[in-house]
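Can you build the whole structure from these sequences, using the hints too?
Number of protein chains: 2
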Amino acid sequence: MNPFLALAFAEADAAASRGEVPVGAVVVRNQVVLAQAGNRVEELADPTAHAEILALRAAAAAVGEPRLVGCDLWVTLEPCPMCAAAISLARIRRLHFSAYDPKGGGVDHGPRVFDHPTCNHRPEVVGGLEEQMGGQLLKAFFRDKR
Amino acid sequence: MNPFLALAFAEADAAASRGEVPVGAVVVRNQVVLAQAGNRVEELADPTAHAEILALRAAAAAVGEPRLVGCDLWVTLEPCPMCAAAISLARIRRLHFSAYDPKGGGVDHGPRVFDHPTCNHRPEVVGGLEEQMGGQLLKAFFRDKR
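Protein chains in written order, with the numbering used here: chain A, 1 to 146; chain B, 1001 to 1146.
These are computed hints drawn from the structure, not numbers from a lab. The beta carbon of each residue, even a glycine, is placed where N, CA and C say it ideally should be. Take these hints with a grain of salt, some might be off.
Chain B is faced by these chain A residues, among others (derived, beta-carbon under 7 Å) [claimed, not checked]:
| no. | residue |
| --- | --- |
| 1 | 41 |
| 2 | 62 |
| 3 | 65 |
| 4 | 89 |
| 5 | 113 |
| 6 | 116 |
Quick look at which bits of chain A chain B covers, simulated, 3 or more residues with Cβ under 8 Å [unchecked claim]:
| no. | stretch |
| --- | --- |
| 7 | 46 to 56 |
| 8 | 95 to 108 |
Below, a sample of chain A positions facing chain B; criterion: calculated Cβ distance under 7 Å [stated by the list, open to error]:
| no. | residue |
| --- | --- |
| 9 | 60 |
| 10 | 64 |
| 11 | 70 |
| 12 | 82 |
| 13 | 85 |
| 14 | 86 |
| 15 | 90 |
| 16 | 118 |
| 17 | 127 |
| 18 | 128 |
What follows is the structure, encoded as structure tokens:
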């Protein structure tokens, strides 16, 4: 498995162990990890604290500006519409994600955030990486919740 | 003018004076202001630091949970797709905004984030309040920038 995706999966596992929906994200530039994060919505009492948002914010803080030119994002799940739009605003170059999310995704499902003429920046998108693993992680989490 | 919208406009003016795109947002519950914020993308080097996101996060921190049940949001501009999706995730009851934003809006334009079956929570939406004022604020800002 790609090492950055593996790191994102480790963040997702850590999120699950905190009782959060297991999603992890990693921002990479020039093969260097700028930021990595897992979902912390419940812990932080923050509706926007998805893994992607936390990773984008941390990476932007690290480089000192709001546009992450030349950066790539690795995520364990298809980003939701909020995260997809944030990815566009942050000028992420390439988005890689594992499982597709027909219920909550906003890239290839629902509002398909990048597929509108008003979307100012559309990253390259590579979806479905290690898809089984990404899907099982979520399924196991929600099965244990019931 | 509604006093909460007036407060949002004051936040937008303050954002403009900081050199930020002038947008302001206010979260209200039971006629009490829980949080107010203006855009701080450049200042914070945070691509997600739109007025709505900052106000939602502050309100959620104030109530100590990620879902803002029974809360309303007042914004000076039609929210972008990121903010619209965050508003849905935060369970905002009613969204009021001033100017429509055909280029960047995500509620009545572009991906129309609330208008998909996968959108789990659709707030009531009231758009176009004091629309001229909302539109002029943005126009003046971008005119001065050129």
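Going down the list of hints, with the structure as the test:
1. Taking 7 Å as the C-beta contact cut-off toward chain B, the hint placing residue 41 of chain A at the interface holds, the least distance being around 5 Å.
2. Interface hint at residue 62 of chain A: violated, since its Cβ lies 9 Å from the closest Cβ of chain B, which is beyond the 7 Å cut-off.
3. Among the interface hints, the one on residue 65 of chain A holds; its C-beta lies about 5 Å from the nearest C-beta in chain B, closer than the 7 Å criterion.
4. Checking residue 89 of chain A against chain B by beta carbon gives a least distance of about 5 Å; that is within 7 Å, so the hint holds.
5. Contact between residue 113 of chain A and chain B, as hinted, is supported at the beta carbon level, the nearest pair being about 5 Å apart and thus within 7 Å.
6. Interface hint at residue 116 of chain A: satisfied, since its Cβ lies 5 Å from the closest Cβ of chain B, which is below the 7 Å cut-off.
7. Beta-carbon proximity to chain B at under 8 Å applies to 6 residues in the stretch 46 to 56 of chain A; the threshold of 3 is reached and the given coverage holds.
8. Counting residues of the stretch 95 to 108 of chain A whose CB falls under 8 Å from any CB of chain B gives 5; the rule of at least 3 is met.
9. With a cut of 7 Å, the hint placing residue 60 of chain A at the interface with chain B holds, because the nearest CB-to-CB distance is about 5 Å.
10. Against a cut-off of 7 Å between C-beta atoms, the interface hint on residue 64 of chain A holds, since the closest Cβ of chain B lies about 5 Å away.
11. Interface restraint check for residue 70 of chain A: the shortest CB-CB distance to chain B comes to about 14 Å, outside 7 Å, so the restraint is violated.
12. Of the supplied interface hints, the one on residue 82 of chain A holds, with its beta-carbon coming within about 4 Å of a beta-carbon of chain B, less than 7 Å.
13. Annotation: residue 85 of chain A was flagged as interfacial toward chain B, and the flag holds, the nearest CB pair being 4 Å apart, inside 7 Å.
14. A hinted interface residue such as residue 86 of chain A counts as satisfied when its beta carbon comes closer than 7 Å to some beta carbon of chain B; here the least separation is about 5 Å, so the hint holds.
15. Contact between residue 90 of chain A and chain B, as hinted, is supported at the beta carbon level, the nearest pair being about 4 Å apart and thus within 7 Å.
16. A cut of 7 Å between beta carbons decides the hint on residue 118 of chain A: the least distance to chain B is about 4 Å, and the hint holds.
17. For residue 127 of chain A, the interface hint is violated, since its Cβ never comes within 7 Å of a Cβ in chain B; the closest pair sits about 16 Å apart.
18. At its closest, the beta carbon of residue 128 of chain A sits 18 Å from a beta carbon of chain B; the interface hint therefore is violated under the 7 Å criterion.
Comparing the model with each earlier hint shows violations of hints 2, 11, 17, 18; every other hint is respected.
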